[in-house]
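Full structure from sequences and hints, please.
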Amino acid sequence: MSEENTSTTTNAISRRTVLKGVGATLGAAAFAKAIAPLTTWAKDQSVDEFLQNHYRELTPEQMKEVIKRIEEDTKKDYGADVTIKDPKPQAGVKFAYALNLSICVGCRKCAKACHVENNHDRPSGNSYIRVLEMKKGSLDMAHGRADYSGPVPKSDSFYMPVQCQQCDSPPCVDVCPVEATWKEKDGIVAVDYNWCIGCRYCEAACPYHARRFNWSKPVVPKEEINPVQGYLSNRIRPQGVMEKCTFCMHRTREGKLPACLEACPTGARVFGNILDPDSEIRWVLENKRVFVLKEELGTKPSFYYFFDE
Amino acid sequence: MKTSTLIGIAATALGIVALVAAIWIYQHSFAEFVRHEHEEIKTSLGSEAIYGVETMGLPVAPTVLTDAFTYSGAPAEVACATCHTTRTPVVATRQADDLDEFHQGLVMEHGELSCLSCHNPNNYDTLKLADGTSVGFENVMQLCAQCHGPQSRDYRNGSHGGMNGYWDLSRGPRQRNACIVCHDAHAPAYPQLMPVFPPKDIIPPESTPHAEH
Chain V
0 MSEENTSTTT NAISRRTVLK GVGATLGAAA FAKAIAPLTT WAKDQSVDEF
50 LQNHYRELTP EQMKEVIKRI EEDTKKDYGA DVTIKDPKPQ AGVKFAYALN
100 LSICVGCRKC AKACHVENNH DRPSGNSYIR VLEMKKGSLD MAHGRADYSG
150 PVPKSDSFYM PVQCQQCDSP PCVDVCPVEA TWKEKDGIVA VDYNWCIGCR
200 YCEAACPYHA RRFNWSKPVV PKEEINPVQG YLSNRIRPQG VMEKCTFCMH
250 RTREGKLPAC LEACPTGARV FGNILDPDSE IRWVLENKRV FVLKEELGTK
300 PSFYYFFDE
Chain P
0 MKTSTLIGIA ATALGIVALV AAIWIYQHSF AEFVRHEHEE IKTSLGSEAI
50 YGVETMGLPV APTVLTDAFT YSGAPAEVAC ATCHTTRTPV VATRQADDLD
100 EFHQGLVMEH GELSCLSCHN PNNYDTLKLA DGTSVGFENV MQLCAQCHGP
150 QSRDYRNGSH GGMNGYWDLS RGPRQRNACI VCHDAHAPAY PQLMPVFPPK
200 DIIPPESTPH AEH
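Chains as they are written, first to last, in numbering that gives the first Met the number 0: chain V, 0 to 308; chain P, 0 to 212.
No wet-lab data here; the hints were simulated from the structure. Accuracy of the hints is not assured; some may be wrong.
[Said to hold, decoys possible] Using 30 Å as the maximum straight-line C-alpha spacing, the simulated DSSO-like pairs for lysine-lysine come out as follows:
1) P/Lys199 to V/Lys216
2) P/Lys199 to V/Lys75
3) P/Lys127 to V/Lys221
4) P/Lys127 to V/Lys135
5) V/Lys153 to P/Lys1
6) V/Lys293 to V/Lys111
7) V/Lys63 to V/Lys32
8) V/Lys75 to V/Lys87
9) V/Lys84 to V/Lys63
10) V/Lys111 to V/Lys135
11) P/Lys1 to V/Lys134
12) V/Lys153 to V/Lys84
13) V/Lys74 to V/Lys63
14) V/Lys87 to V/Lys299
15) V/Lys74 to P/Lys199
16) P/Lys199 to V/Lys293
17) P/Lys199 to V/Lys111
18) V/Lys153 to V/Lys293
[As the list claims (entries may be wrong)] Computed far set for chain P versus chain V, every beta-carbon distance over 12 Å:
19) Ala17
20) Leu57
21) Ala67
22) Val89
23) Asp96
24) Gln150
25) Asp167
26) Ser169
27) His185
28) Met193
29) Val195
30) Pro197
In this text, a Cβ means the ideal position worked out from N, Cα and C, and glycines have one as well.
So this is what it looks like as structure tokens:
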């Protein structure tokens, strides 16, 4: 009796075996489905890129390789020959910006210059600068309009360009879950585009709406690409990462003025080293009645506004 | 060995493992990133400004194109004084309509000023300050500054008027606009202009069909 029983169980496929097989198949299918996004990921991201270290942990040799790789990728994707540099903060330099609201005419040339200088996505018309048309008598940013049309300046309005305020207590840096954004020694809040996970917490945290998200891979025609690029500033950003004004780090760390300042036809913008007592920016801070936006939030901006008396 | 002793040893071992793990996780996740110190660029603070600030667009003494030709065949240009040395200056003239020839049509909207507030009746190839001192066209900003003190002060301190180049004069030069690049001396109010680069909305337009609530 017992012998007969044993032979049946060994030769026939038992219910248990079938269930095991079904379970294993389902499991394998679920796993395949779960890792499916990785196959699309692999198309536009190399292993080197995936394994790349945080900006502040890269050795100079590694940085050289990373820059070489990005330059080659730009050539491949956009057909443009670009030079990416990684200028470092200068000792004894802390950048500050001031804007004279009495002479800003609202022409938006700064926003356009930013768009061109920083290799922004062409279809979305992205720019780090948003110029607000404000009714005289109010400083409430919420009542400013960015979609005004000409001719400007209108007699009942003044114009307030708003960009990253390079806060000394930046809320965007506090909320980043992966430390992909931080404050540099010269006061600039930088983003490591290769470390950012695109969660957009920083965008939500910024009281000045200064951060932008790359919804798509930036589209820039080859001939319009600015080939003078900085690793932390205007190199073409990957899709799905945050970006922001860097005070044109690739220019200002080389001693040049930012692109938005050069584009300003009225000279409403003042830029310089706040640690240099002879600088123009220091003269403004010492002689004009400057204010910062949303001072009550305690963000301590490095961006000042003033009116002529 | 008692069971309680075994549990004690196991708990201690577990505690040590947990501690080591915690330290390892802290060091690899939350500790300050180890900054690879790169060679800092030499500071510009206090270093000498080797480059200068150049003022762009300063005028030269104007000339008048005539119908005559020079020996080489080019249209002849003459200095203002060519005619004005023989004509008597009219101090009261305020509008270009009262003037002759090519001066006609010039828009003059500069406060209560008359022509000879700035033009020098003793030498039309120069300008004159309020006290009568002759000043060359290239020093016109000195003339502007007589009335527009605050603007001149702001300009001299870098907070009025467009500029290009370097903020750090130890690394490169800077170019600045003269007053008359933006302000026409005869009608100096900065004109209204059409803004460029209107912002685009990334939110889909209103016509996009919405789900019924």
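These are the hints, each one checked on the structure:
Taking the CA atoms of lysine 199 of chain P and lysine 216 of chain V, the gap is about 17 Å. The hint holds against a cut of 30 Å. Only pairs whose Cα atoms come within 30 Å are accepted, and lysine 199 of chain P paired with lysine 75 of chain V is accepted, the gap being roughly 29 Å. The suggested pairing of lysine 127 of chain P with lysine 221 of chain V is violated, with an alpha-carbon distance near 54 Å, which exceeds 30 Å. Proximity of lysine 127 of chain P to lysine 135 of chain V is assessed by CA-CA distance (about 39 Å); at most 30 Å being required, the pair is judged violated.
With a C-alpha separation of about 90 Å, the suggested pair lysine 153 of chain V and lysine 1 of chain P falls outside the 30 Å cut-off, and the hint is violated. Taking the CA atoms of lysine 293 of chain V and lysine 111 of chain V, the gap is near 25 Å; set against the 30 Å cutoff, the hint holds. At roughly 37 Å between alpha-carbon atoms, lysine 63 of chain V and lysine 32 of chain V are farther apart than 30 Å, so this suggested pair is violated. Simply put, lysine 75 of chain V and lysine 87 of chain V have alpha-carbon atoms about 27 Å apart, close enough for the 30 Å limit, and the pair holds.
Restraint check for lysine 84 of chain V and lysine 63 of chain V: satisfied, since their Cα atoms lie roughly 9 Å apart, inside the 30 Å limit. Between lysine 111 of chain V and lysine 135 of chain V, the direct Cα distance comes to roughly 25 Å. Compliance with the 30 Å bound is thereby established for this hinted pair. Of the pairs offered as hints, the one joining lysine 1 of chain P and lysine 134 of chain V is violated, with about 83 Å between alpha carbons and a cut-off of 30 Å exceeded. Taking the CA atoms of lysine 153 of chain V and lysine 84 of chain V, the gap is near 42 Å; set against the 30 Å cutoff, the hint is violated.
A threshold of 30 Å between alpha carbons decides the hint, and for lysine 74 of chain V with lysine 63 of chain V the separation of about 17 Å falls inside it, so the pair holds. With a C-alpha separation of about 23 Å, the suggested pair lysine 87 of chain V and lysine 299 of chain V falls inside the 30 Å cut-off, and the hint holds. The straight-line distance between the Cα atoms of lysine 74 of chain V and lysine 199 of chain P is roughly 28 Å, inside the 30 Å bound, and the hint therefore holds. This hinted pair checks out: lysine 199 of chain P and lysine 293 of chain V have alpha carbons roughly 26 Å apart, not beyond 30 Å.
For the given pair, lysine 199 of chain P sits about 12 Å from lysine 111 of chain V by alpha-carbon distance, which is consistent with the 30 Å threshold. Annotation: proposed proximity of lysine 153 of chain V to lysine 293 of chain V holds, straight-line Cα distance about 25 Å (limit 30 Å). Against the 12 Å criterion, alanine 17 of chain P stays outside the reach of chain V, whose nearest CB is about 24 Å from its own CB. Against chain V, the non-interface label of leucine 57 of chain P holds: every CB pair exceeds 12 Å, the least being about 16 Å.
For alanine 67 of chain P, the non-interface assignment is confirmed: its Cβ lies about 39 Å from the closest Cβ of chain V, beyond the 12 Å cut-off. Against the 12 Å criterion, valine 89 of chain P stays outside the reach of chain V, whose nearest CB is about 36 Å from its own CB. Look at aspartate 96 of chain P: its CB is around 27 Å from the nearest CB on chain V, clear of 12 Å, so calling it non-interface holds up. The beta carbon of glutamine 150 of chain P sits about 8 Å from the closest Cβ of chain V, which is not more than 12 Å, so the claim that it is off the interface is violated.
The claim that aspartate 167 of chain P lies off the interface is violated: its Cβ sits roughly 4 Å from the closest Cβ of chain V, which falls inside the 12 Å cut-off. For serine 169 of chain P, the requirement that its beta carbon stay farther than 12 Å from each beta carbon of chain V is not met, with the minimum near 7 Å. With a minimum CB-CB distance of about 20 Å to chain V, histidine 185 of chain P clears the 12 Å threshold, and the non-interface call stands. With a cut of 12 Å on Cβ distances, methionine 193 of chain P falls inside the contact zone with chain V, its closest approach being about 4 Å.
Its beta-carbon lying about 5 Å from the closest one in chain V, valine 195 of chain P breaks the requirement of being farther than 12 Å from that chain. At roughly 7 Å, the least C-beta separation between proline 197 of chain P and chain V is not larger than 12 Å, which violates its mark as non-interface.
Checked against the numbered hints above, the structure violates hints 3, 4, 5, 7, 11, 12, 24, 25, 26, 28, 29, 30; every other hint is satisfied.
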